[in-house]
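If you number the sequence shown the way the numbering used here does, the last residue is 358 and the count never jumps.
Heads up, some of the hints might be wrong.
[Unchecked claim] Once the Cα atoms are required to be at most 30 Å apart in a straight line, the calculated DSSO-like pairs of lysine-lysine come out as: (1) K354 <-> K61; (2) K296 <-> K204; (3) K82 <-> K252; (4) K245 <-> K327; (5) K236 <-> K354; (6) K204 <-> K61; (7) K284 <-> K83; (8) K296 <-> K83; (9) K145 <-> K204; (10) K236 <-> K296; (11) K81 <-> K327; (12) K145 <-> K327; (13) K81 <-> K204; (14) K61 <-> K296; (15) K255 <-> K82; (16) K252 <-> K236; (17) K83 <-> K204; (18) K255 <-> K245; (19) K81 <-> K252; (20) K83 <-> K327; (21) K61 <-> K77; (22) K354 <-> K327; (23) K284 <-> K252; (24) K61 <-> K81; (25) K81 <-> K354; (26) K77 <-> K204; (27) K61 <-> K327; (28) K284 <-> K296; (29) K252 <-> K77; (30) K245 <-> K77; (31) K204 <-> K255; (32) K82 <-> K245; (33) K327 <-> K77; (34) K81 <-> K145; (35) K82 <-> K296; (36) K82 <-> K204; (37) K82 <-> K61; (38) K77 <-> K354; (39) K255 <-> K83; (40) K327 <-> K296.
FYI, nobody ran anything at the bench for these hints, they're computed from the structure.
Computed from a predicted structure; not experimentally measured.
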Amino acid sequence: MADSRAERIARLIAPLRVKPGSEVDLARDFDPRYKAHIKKKDGVELLRTGVALLAEYQQRLAAQDTYGVLLCLQALDAGGKDGTIRHVMSGVNPQGVRVSSFKVPSSEELSHDYLWRYAARLPGRGDIAIFNRSHYEEVLVVRVHPEVLDRQRLPDSVRTAKIWDRRYREINHWERYLTGNGIKVVKVFLNLSKEEQRTRFMKRIDLPEKNWKFSAADVRERRHWDEYQAAFSEMLSATSTKWAPWYVVPADRKWFARICTAAVLAHTLMDIDPQYPTVSADARKDLLVAKRELEAEAPEGSAADPYEARHKRAGS
């Protein structure tokens, strides 16, 4: 990564990366309130820098048209996924980004394999896709709620105690297949503390303009907190790979979570280091012919090449 900004970004996100093959215990290994000695007042400028980097590299990604990028965002309710997407992607070209949210599967989706609906929303070359919740729901929600697995109508022969190990393996293989075909996969888990989730739920109840964001189902899910923490820990341990790493982003401070997520995505794009295509000698000749024709159309008193003239004045 030639860009000098890459080193600072790499240092920021290094403590958040789940080392492949490590055994993760969320409560032991990752602090939801960690902020890397960064002050909130400095966070605005850091996020602005990250967003500018994303805009720059997204343009290059689209121009090169070789790689696609898939960002998977996972979190418990009130983890800040929507706000993170809104702030982090605020400066990019919306034509090159697609956000997909995966709710309860439809009857058509249940008639296919569990990865089918996710495969249909993968990014094309030159694009960024964001999964707001992702295929990891299939080893999280489905694991905590076995009745969801019942609706998938799997053969009895595969519904054994080894089903989760098999799904981890299948997901790892699928993500390796994607990276081998030019789709870079990066995964962010927004790590929220139980008390901060309670605070955010109370805010949604107390403020009328936030009521629409609250559902009684959120509190019912909260009752499974310990089960989810165990499922997240095992998922991170089993599926953080060299080709598709997990980053555990502290989410109790929304401003810091947004900085980190922007940094993870920027790091991924800078690692790809997409380049603008260079035209052939023949294409260059065609450009010069077109330029002479346009110069000949310049009105009297106007510069033949207004763009060049402006830049000469700016540099003088």
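Hint check results:
no. : hint          : verdict
1   : K354 <-> K61  : 50 Å, violated
2   : K296 <-> K204 : 37 Å, violated
3   : K82 <-> K252  : 24 Å, holds
4   : K245 <-> K327 : 63 Å, violated
5   : K236 <-> K354 : 58 Å, violated
6   : K204 <-> K61  : 24 Å, holds
7   : K284 <-> K83  : 34 Å, violated
8   : K296 <-> K83  : 13 Å, holds
9   : K145 <-> K204 : 25 Å, holds
10  : K236 <-> K296 : 15 Å, holds
11  : K81 <-> K327  : 53 Å, violated
12  : K145 <-> K327 : 53 Å, violated
13  : K81 <-> K204  : 45 Å, violated
14  : K61 <-> K296  : 24 Å, holds
15  : K255 <-> K82  : 26 Å, holds
16  : K252 <-> K236 : 20 Å, holds
17  : K83 <-> K204  : 48 Å, violated
18  : K255 <-> K245 : 10 Å, holds
19  : K81 <-> K252  : 27 Å, holds
20  : K83 <-> K327  : 52 Å, violated
21  : K61 <-> K77   : 20 Å, holds
22  : K354 <-> K327 : 24 Å, holds
23  : K284 <-> K252 : 40 Å, violated
24  : K61 <-> K81   : 27 Å, holds
25  : K81 <-> K354  : 41 Å, violated
26  : K77 <-> K204  : 38 Å, violated
27  : K61 <-> K327  : 51 Å, violated
28  : K284 <-> K296 : 27 Å, holds
29  : K252 <-> K77  : 27 Å, holds
30  : K245 <-> K77  : 23 Å, holds
31  : K204 <-> K255 : 37 Å, violated
32  : K82 <-> K245  : 21 Å, holds
33  : K327 <-> K77  : 53 Å, violated
34  : K81 <-> K145  : 36 Å, violated
35  : K82 <-> K296  : 10 Å, holds
36  : K82 <-> K204  : 45 Å, violated
37  : K82 <-> K61   : 28 Å, holds
38  : K77 <-> K354  : 45 Å, violated
39  : K255 <-> K83  : 28 Å, holds
40  : K327 <-> K296 : 52 Å, violated
Checked against the numbered hints above, the structure violates hints 1, 2, 4, 5, 7, 11, 12, 13, 17, 20, 23, 25, 26, 27, 31, 33, 34, 36, 38 and 40; every other hint is satisfied.
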